[in-house]
Amino acid sequence: MTASTTRLARSASYRAWLLSPEPASRAQAALGQAYRRWRRLVSNPLSLCGLVVLALLVLVALIGPLLPMPDPTIQVLADRLLPPGSPGHWLGTDQLGRDILSRLVHGARLTLAIAVLVVVVVVPIGMLIGTAAGFFGGWVDRVLMRVTDIALAFPKIVLALALAAALGPGVFNAVIAISITAWPAYARLARAETLRWTQADFIHAARMQGASRLRLLTRYIMPLCASSVIVRATLDMAGIILSVAGLGFLGLGAQPPSPEWGYMVASGRNVLLDAWWVSTLPGLAILAVSLAFNLLGDGLRDAFDPRHGD
Amino acid sequence: MRLWQGGVRLAGWVLTLATTFAGLLAVTFFIGRKVPIDPVLAVLGDRASASAYAAARAQMGLDQPLATQFYFYVRDVLHGKLGTSLLTANPVIDDILRVFPATLELATLATIIGILIGVPLGVAAARRHNSAIDHVARFVGLIGSSMPVFWLGMVGLLVFYVRLHWVGGPGRVDPAYDDMVDMRTGSLLIDAALAGEWEVFFNAFSHIVLPALILGYYSVAYLSRMTRAFMLEQLSQEYIATARVKGVPEWRVVWRHAFGNIAVPLLTIIALTYSNLLEGSVLTEIVFAWPGIGSYLTGALLNADMSAVLGCTLVIGALFILINLLTDVLYRIFDPRVRT
Numbered sequence: 169m170t171a172s173t174t175r176l177a178r179s180a181s182y183r184a185w186l187l188s189p190e191p192a193s194r195a196q197a198a199l200g201q202a203y204r205r206w207r208r209l210v211s212n213p214l215s216l217c218g219l220v221v222l223a224l225l226v227l228v229a230l231i232g233p234l235l236p237m238p239d240p241t242i243q244v245l246a247d248r249l250l251p252p253g254s255p256g257h258w259l260g261t262d263q264l265g266r267d268i269l270s271r272l273v274h275g276a277r278l279t280l281a282i283a284v285l286v287v288v289v290v291v292p293i294g295m296l297i298g299t300a301a302g303f304f305g306g307w308v309d310r311v312l313m314r315v316t317d318i319a320l321a322f323p324k325i326v327l328a329l330a331l332a333a334a335l336g337p338g339v340f341n342a343v344i345a346i347s348i349t350a351w352p353a354y355a356r357l358a359r360a361e362t363l364r365w366t367q368a369d370f371i372h373a374a375r376m377q378g379a380s381r382l383r384l385l386t387r388y389i390m391p392l393c394a395s396s397v398i399v400r401a402t403l404d405m406a407g408i409i410l411s412v413a414g415l416g417f418l419g420l421g422a423q424p425p426s427p428e429w430g431y432m433v434a435s436g437r438n439v440l441l442d443a444w445w446v447s448t449l450p451g452l453a454i455l456a457v458s459l460a461f462n463l464l465g466d467g468l469r470d471a472f473d474p475r476h477g478d
Numbered sequence: 000m001r002l003w004q005g006g007v008r009l010a011g012w013v014l015t016l017a018t019t020f021a022g023l024l025a026v027t028f029f030i031g032r033k034v035p036i037d038p039v040l041a042v043l044g045d046r047a048s049a050s051a052y053a054a055a056r057a058q059m060g061l062d063q064p065l066a067t068q069f070y071f072y073v074r075d076v077l078h079g080k081l082g083t084s085l086l087t088a089n090p091v092i093d094d095i096l097r098v099f100p101a102t103l104e105l106a107t108l109a110t111i112i113g114i115l116i117g118v119p120l121g122v123a124a125a126r127r128h129n130s131a132i133d134h135v136a137r138f139v140g141l142i143g144s145s146m147p148v149f150w151l152g153m154v155g156l157l158v159f160y161v162r163l164h165w166v167g168g169p170g171r172v173d174p175a176y177d178d179m180v181d182m183r184t185g186s187l188l189i190d191a192a193l194a195g196e197w198e199v200f201f202n203a204f205s206h207i208v209l210p211a212l213i214l215g216y217y218s219v220a221y222l223s224r225m226t227r228a229f230m231l232e233q234l235s236q237e238y239i240a241t242a243r244v245k246g247v248p249e250w251r252v253v254w255r256h257a258f259g260n261i262a263v264p265l266l267t268i269i270a271l272t273y274s275n276l277l278e279g280s281v282l283t284e285i286v287f288a289w290p291g292i293g294s295y296l297t298g299a300l301l302n303a304d305m306s307a308v309l310g311c312t313l314v315i316g317a318l319f320i321l322i323n324l325l326t327d328v329l330y331r332i333f334d335p336r337v338r339t
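The listed protein sequences derive, respectively, from chains A and B.
Residue numbering for the first sequence follows the numbering used here, starting at 169 and increasing by one per position.
Residue numbering for the second sequence follows the numbering used here, starting at 0 and increasing by one per position.
Hints listed in this document are in silico derivations from the structure and should not be mistaken for laboratory results.
Note that the structure is a prediction, hence the values are computed from the model and not measured.
The beta-carbon is built from N, C-alpha and C at its ideal position, and this holds for glycine as well.
Check the hints yourself; a few may be wrong.
[As the list claims (entries may be wrong)] Over the 10 Å line for every Cβ pair with chain B, so calculated as not near, a few chain A residues:
no., residue
1, Arg183
2, Gly200
3, Pro213
4, Ile293
[Unchecked claim] To give an idea of the interface, some chain B residues facing chain A are shown, with a C-beta separation under 7 Å as derived from the structure:
no., residue
5, Leu16
6, Ala17
7, Ser145
8, Leu157
9, Asn202
10, Glu278
11, Asn302
12, Ile315
13, Ala317
14, Asn323
15, Thr326
Based on the sequences and whatever the hints tell you, model everything.
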């Protein structure tokens, strides 16, 4: 037996273990479930595409500062507005002679950080409010959902603009402004999921075994809501990135000279006629990343809930 | 009995409207009080004497407790007083009434484009599931939810205005045609047509067509996606199979039987799109220098003109809430399944 056939046989047995219809332990069942979802996810070429783009983005964001590139804020006025393909500046330079590729790479860090921060703030808040409303019912439900509905009825973009203007421009305030308009959707979703499960037999069984309400909520209900919330958050990332870019475009997001993509698009407006690349390239970056999140989100939805697939 | 139920439901709607609007007022009030800009200094300038400062502060009611201030705020808003804009020195409400028709014209045209293209596209995609047209519809929807509107607008201007000269540039009309027609309806297109000024009409049309198409693209994307999903659900039902077996012509199956059943939810989606476009036009208006509420709001934002910012937020928010509630009411009236 050669080494490669041994490896093949071993990987086949791993797969058989993962896909076993009679898992022997909780871990095996959970891993098997995760494996099946993974297989469903990557079997769709479009979601795989989104996944690859995002993996690249995260990689670039992580190792960006280590790459041999000019500083994103360094201005070389002699090298203003070099077109893409110029030696040393693959994607050209902007009107202050800054390297666009380097600014895009550093901007990826900023965009990802803001989007992740918003999700980290919004998801727990929405989840807590939604599951509590669905689980406790009665007046808790009425009050919480009333507040959620009111918040849901506000105009999102305009409110985020007003908040960003009131708090003052900046990355942190942009996160707050977007978060305040984004949480209600998660509360609605978590409540709907909770209502689906509250009357299930295994919840009753756990309750009769003496599980406290807190335990039921945190150990049973919340994990069950997690998958749909994750799918929703992934799809939302696209919208969040567009909002971040919109705030940046208006000058209400990250402040210059930091390389925020939306701000980069805006700053290229004055030279659009002579140097299309200054605005166009960051716009393409925004498009690519939010498209990738949308593709991955669609794929995740189908992977978590096969009935949804079409 | 039915009258009684109707009354209860009406009261419920009024209550919803009132609480939602009160919530909106509370938020704008809170934002207004939390601004790092001192509203007194913003009016007087930072060289005002201490006594003038105190007098202005008292006159603006800022020495009162918060609850009293909120009461005054709500009273003023209900009387249509949204404060005075620092930038234009006009009452904010007058400014908004002046700029709003331009936004309304743009958003309305964009919604019409969305309905005319998005709905048939969604129906066609659902009829031929997984065919070429279905893939086109999904692609349009996907790009529509991933593309930054301000960027699309800039690229559109660059290509169709600067390079190809197919459309008019930024603004509602060329400066040469400014103020040539009396504004009666607020829509430059309609007013020019009514006045018989066809030259103005075509010039205005060449200016609105690109922003309307770009804004309309987003409503095409959303409407086609929703129409497709609704139609797919209906077309897989048994009554459709029955109708086909009975020999009902295919167009009738699709447009009478299936589409008839999605008309009501589709109507609510269209109303939602419309309210989204009203606020979504903010970024588009900036790119196209469109003199609507979006441009006004942004100008106010960048100059820390908070009463104008909050006034716009309040007006757009109120419209948003009203449209949402109206769709909810329509839905309940027209869809027998949610009647209780």
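Structure-based check of each hint:
1. Here Arg183(A) stays apart from chain B, with its beta-carbon at least about 30 Å from theirs, past the 10 Å limit.
2. For Gly200(A), the requirement that its beta carbon stay farther than 10 Å from each beta carbon of chain B is met, with the minimum near 30 Å.
3. Non-interface status of Pro213(A) relative to chain B is upheld: no Cβ of that chain comes within 10 Å, the nearest being about 13 Å off.
4. Separation of Ile293(A) from chain B is adequate, the least Cβ-Cβ distance of about 16 Å exceeding the 10 Å criterion.
5. Because the smallest distance between the Cβ of Leu16(B) and any Cβ of chain A comes to about 10 Å, over 7 Å, the interface hint for this residue is violated.
6. The interface hint given for Ala17(B) is broken, as the beta carbon of that residue sits about 11 Å from the closest beta carbon of chain A, more than 7 Å.
7. Below 7 Å, beta-carbon pairs count as interface contacts, and Ser145(B) has one with chain A at about 4 Å; its hint therefore holds.
8. The beta carbon of Leu157(B) is positioned within 7 Å of a beta carbon in chain A (closest approach about 6 Å), and the interface hint is therefore held.
9. The beta carbon of Asn202(B) comes no nearer than 22 Å to any beta carbon in chain A, farther than 7 Å, and the hint placing it at the interface is violated.
10. The beta carbon of Glu278(B) comes within 4 Å of a beta carbon in chain A, closer than 7 Å, and the hint placing it at the interface holds.
11. About 10 Å separates the beta-carbon of Asn302(B) from the nearest beta-carbon of chain A, more than 7 Å, and the hint is not met.
12. Contact between Ile315(B) and chain A, as hinted, is supported at the beta carbon level, the nearest pair being about 5 Å apart and thus within 7 Å.
13. Hint status for Ala317(B) relative to chain A: violated, with the closest Cβ pair at about 10 Å, above 7 Å.
14. A cut of 7 Å between beta carbons decides the hint on Asn323(B): the least distance to chain A is about 6 Å, and the hint holds.
15. With its C-beta approaching chain A no nearer than about 11 Å, Thr326(B) sits outside the 7 Å limit, and its interface hint is violated.
Hint violations for this structure: numbers 5, 6, 9, 11, 13 and 15, all remaining hints satisfied.
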